[in-house]
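Q: Using the sequences plus the hints, can you model the full thing?
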Amino acid sequence: MEALKARIRKEGKNLGNGILKVDSFINHQVDPALMLAAGGALAAHFGALGITKVLTAEISGIAPALTTALALGIPVVYARKTKPITMPPDIYLETAPSHTKGKEVQLMVSPEFIGAGDKVLIIDDFLASGHTILALVRLARQSGAEVIGVGAVIEKAFEGGRERLEALGLRVRSLAVIAAMTDDEIIFAEGVSP
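Numbering-wise (the numbering used here), the sequence shown opens with residue 1 and increments by one.
Quick caveat, the hints were computed from the structure, so don't treat them as lab data. Owing to the predicted nature of the structure, the values given are computational and were not obtained by experimental measurement. Where hints are given, some of them may not hold.
To be verified - Below are the DSS-like pairs computed for lysine-lysine, each with C-alpha atoms no more than 30 Å apart in a straight line:
hint, residue 1, residue 2
1, K103, K81
2, K21, K103
3, K83, K119
4, K81, K119
5, K21, K5
6, K103, K13
7, K21, K10
8, K83, K103
9, K81, K21
10, K13, K81
11, K83, K21
A: Printed below as a string of structure tokens:
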């Protein structure tokens, strides 16, 4: 997605330690037109696979997951990081290390919104090490749902997440694949099938 790559080149900032700041259009302030285009592109890639639910983690995954689900005409479910009083006592729960928070985070989903018979597409803003997405895969599988694929807006290929997911037999689609980041430049992967 060339418009996405252009925004990353123009506004993305390498903060070091593999952290790419894209707060001006994805993570803090969201560009709705860009998210609609991203959701449409991910939906077009996975649309013929009979997906019944889109699953993501709060909070940065919600915008691309919502626009993907909108394009597919299906619900989006997001794994919560804190348990509200409205959630039943028995839930699906997994943990994952958070690169940006520097600690383990809990991800939880209510059984009333995902279960056996669902065909799940996992969508997130980033695919890096893959640990958060792997926790979402485990959540979906706890429920008896089938994970059909994984879509990401931005992939940092140098962190190995794609390989971890593909080792499980999952289809992976990323809209912008970054091969490396230097202080001055974000280098996109050439010849990678995003």
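Q: Decide, hint by hint, whether the structure agrees.
A: Evaluation of the provided hints:
1. At roughly 13 Å between alpha-carbon atoms, K103 and K81 fall within 30 Å of each other, so this suggested pair holds.
2. Between K21 and K103 the CA atoms are separated by roughly 18 Å; this keeps the pair inside 30 Å, and the hint holds.
3. At roughly 24 Å between alpha-carbon atoms, K83 and K119 fall within 30 Å of each other, so this suggested pair holds.
4. At most 30 Å may separate the alpha-carbon atoms for a hinted pair to count; K81 and K119 meet this at roughly 23 Å.
5. Restraint check for K21 and K5: the C-alpha separation of about 14 Å stays at or below 30 Å, so the hint holds.
6. Between K103 and K13 the alpha-carbon distance is near 22 Å, which keeps this suggested pair within the 30 Å criterion.
7. For the hint linking K21 to K10, the alpha-carbon distance of about 12 Å falls within 30 Å, and the restraint holds.
8. Proposed proximity of K83 and K103 is supported: the alpha carbons are some 18 Å apart, at most 30 Å.
9. The suggested pairing of K81 with K21 holds, with an alpha-carbon distance near 21 Å, which does not exceed 30 Å.
10. A threshold of 30 Å between alpha carbons decides the hint, and for K13 with K81 the separation of about 26 Å falls inside it, so the pair holds.
11. For the proposed pair K83 and K21, the alpha carbon gap of about 28 Å is at most 30 Å, so the pair holds.
The structure meets every hint from the earlier list without exception.
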